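Trainee: Produce the entire structure from the sequences given, and follow the hints as far as they go.
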Amino acid sequence: MRFVPGPDQLAYVRTVRRVLSGAGPLKAARAWAAGDLAPGRALWRSLAGTGLPGLAVPEECGGLGWYPAELAAAFVETGRAGAPGPLAETVALAAALARTPSWPERLLGGEELATVTDPASGYAVDPRAARAVFVLREGTLYLAAGQGPVLPSLDPARHLARCAPGEAVPADTGRLRALATLLTAAQALGAGEALLAGSVEYVAARRQFGRPVGSFQAVKHQLADVAVELEFARPLLHAAALAVRGDAAADPRDLPAAKAACSHAAHLAARTALQVHGAVGYTDEYDLTLLLRKARCLYTSWGTQDACRSAVLAGRPLPD
Amino acid sequence: MDLEFGAAEEDFRAEARAWLAAHVPTRPLPSLETAEGFAAHRAWERELYEGGWSVVSWPEAYGGRGASPTEWLVFEEEYYAAGAPGRVSQNGISLLAPTLFAHGTEEQLARLLPPMASGETIWAQAWSEPEAGSDLAALRSRAERTARDGGGWLLNGQKTWSSRAAFADRAFGLFRTDPEAQRHRGLSYLMFPLDAEGVTVRPIGRLDGKPAFAEIFLQDVFVPDADVIGEPGQGWRAAMSTAGNERGLTLRSPGRFTAAAERLRRLWERQAEPARGAAAGRVADAWIRARAYQLAGYAAASSPADPSAAPPSSVNKLFWSELDIDLHETALDLLGPGAAEIAEGLPGSVWLDGWIFALAGPVYAGTNEIQRDIVAERVLGLPRGR
Chain R
1 MRFVPGPDQL AYVRTVRRVL SGAGPLKAAR AWAAGDLAPG RALWRSLAGT GLPGLAVPEE
61 CGGLGWYPAE LAAAFVETGR AGAPGPLAET VALAAALART PSWPERLLGG EELATVTDPA
121 SGYAVDPRAA RAVFVLREGT LYLAAGQGPV LPSLDPARHL ARCAPGEAVP ADTGRLRALA
181 TLLTAAQALG AGEALLAGSV EYVAARRQFG RPVGSFQAVK HQLADVAVEL EFARPLLHAA
241 ALAVRGDAAA DPRDLPAAKA ACSHAAHLAA RTALQVHGAV GYTDEYDLTL LLRKARCLYT
301 SWGTQDACRS AVLAGRPLPD
Chain L
321 MDLEFGAAEE DFRAEARAWL AAHVPTRPLP SLETAEGFAA HRAWERELYE GGWSVVSWPE
381 AYGGRGASPT EWLVFEEEYY AAGAPGRVSQ NGISLLAPTL FAHGTEEQLA RLLPPMASGE
441 TIWAQAWSEP EAGSDLAALR SRAERTARDG GGWLLNGQKT WSSRAAFADR AFGLFRTDPE
501 AQRHRGLSYL MFPLDAEGVT VRPIGRLDGK PAFAEIFLQD VFVPDADVIG EPGQGWRAAM
561 STAGNERGLT LRSPGRFTAA AERLRRLWER QAEPARGAAA GRVADAWIRA RAYQLAGYAA
621 ASSPADPSAA PPSSVNKLFW SELDIDLHET ALDLLGPGAA EIAEGLPGSV WLDGWIFALA
681 GPVYAGTNEI QRDIVAERVL GLPRGR
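Chains as they are written, first to last, in our numbering: chain R, 1 to 320; chain L, 321 to 706.
Source of the hints: derived by calculation from the structure; they are not laboratory data.
Do not rely on the hints blindly, as some may be mistaken.
To be verified - Label-pair ranges, simulated between beta-carbon atoms:
no.	chain 1	residue 1	chain 2	residue 2	range
1	R	Ala-11	L	Arg-706	39 to 45 Å
2	R	Gly-6	L	Ala-341	32 to 38 Å
3	R	Arg-206	L	Asp-626	30 to 36 Å
4	R	Arg-207	L	Ile-524	41 to 47 Å
5	R	Gly-6	L	Ile-690	34 to 40 Å
6	L	Ala-402	R	Glu-167	54 to 60 Å
7	R	Arg-206	L	Gly-386	49 to 55 Å
Claimed, not checked - Counterexamples of contact, computed for chain R against chain L with all Cβ distances above 10 Å:
no.	residue
8	Gly-22
9	Glu-60
10	Gly-109
11	Thr-140
12	Gly-146
13	Glu-285
Quick caveat: nothing in here was measured; it's all calculated off a predicted structure.
For every residue, glycine included, the Cβ atom is placed at its ideal position computed from N, Cα and C.
Mentor: This is the structure in structure tokens:
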């Protein structure tokens, strides 16, 4: 057993981090929110240049193979960076459509983003940015035939629309749901880690009563609790990636368990960040609040707490 | 990255499972916090030792099997899944032995470890004092140099909250050997017999009245130089290496929680509505958290040389101590009125006993408030101060 990321995975994560930090992800998210999609698209092209979507597509279909652990690690980074766009949905669709003619070429190069409705809500994320919009309903994937009004979400760099199903498309929808759930959990964990790091930095610098507010026990203890939750969500995410990879040694319940734990840890990180930042954490303009809001959106996407808990108790590999 | 056990680990698991199936008492032993139960648990330690299972991770020379960290985790999973008795030797095996391996002499290892492994010597810890609880470095009990019997130390003072001391044979703890030195300096790590001249043990009833811990009064208790661990005056460092074990995986192994979470899940499955639906989320959370703790253990065992592979010990302690209470409280709620308050004699009584045991978790080994301070300052790097 070697249940820690290997050197190749760690090296790949460093590459993804470098690409993300060079691309100004929060600036791209602000632009995305304002309707300028160009910086976000450029960021996705750079990420795709590292081979990211290819990690979800077998070699014989033009990809690099089936690497859920590496994908999860990369999406912890996109979550940490607050990168905008339906990135998890695009990669999950690339996996689902790997054997459907013409789709791998379209989705692997980084030129196109795609999105799909979360079956629990019927909403697709960011259809305005996607060249291809799909509807997932009762185990079948459809091309969207039309969509309702595009609605703003709590996360300004996210828009949602309900979509009507059109033509059915052959796809591996099990893989689609598994990967969308895994990568949403990964993004939540990354966002939670960034929220904790940003909170620690803020309370160490912010002074009241003549001392850093981070020296007060009441503040420290809240942040320590966040650190505990994030620390123990991480091994569940790793195991979930192995379950999605198809490893028999992973427990099928690891995926819903990881989604519940990562979402919960990120949600606690967000609530705590809001509290320890004081009023500035309640503002639209403070960049960390983009992650604070995204954490709440990811919390219910691709597996609510209740759906994940039910799946764990029923021994099912996917939240309904 | 993988979760595959190797063939040797699978064989080890099968061997442990078969031995436990043949030897674990079919009826639970009486509580180890009673004289009768203590004796029964000591006999069980002997049986484990004779089977070669009492200290699997120790070298063979001292009664172990030289098991790897992963094999140790496997053994613990099988041990608790089999419903085997609690380990009355836990203080010695989990707290003292690691310190001896790190700081003890060859002579000490050879003399102290085999009887610890067999249950012949059962150890109590003697850390806290009336004025030194969470603030352990405030301790006042002293050890003074004496020329008596070829050289040694005379202990004077008072220890308290000493787990197992009511029935144990020997104790280990920190004493002030340099009265001029402040706080963490000038402390030494010493061992002494609980039946030595000058030792008075006064058992203390825990919440359910059982004498799970004790006060220890020390008056000119002689300790030979051979029973000092490490250098005199360097006891704090040695003790902190033990504290890491107490807060980390070794004292509360993941197998204990995965077995309890599985029992909780089965208890929940037998419930009717509305209790079943109402408790579902908590049962699922207990399973998820026990699984997370198990996986964190696998990560730590996969990479024992890399401290970043495992949660820091204070993070661990916060996690398992709160999980332990949540898990048992959920079970008590499922058992419902009556059954949830009867500590002995019913099939469900094991949950109340477990809950009482779990309640001490956030307090001992450094309260969870102290652990949160440590996480904030040493893991997150926040400024010191309260």
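Trainee: Taking the earlier hints as the rules, which of them does this structure contradict?
Mentor: No hint contradicted; all consistent.
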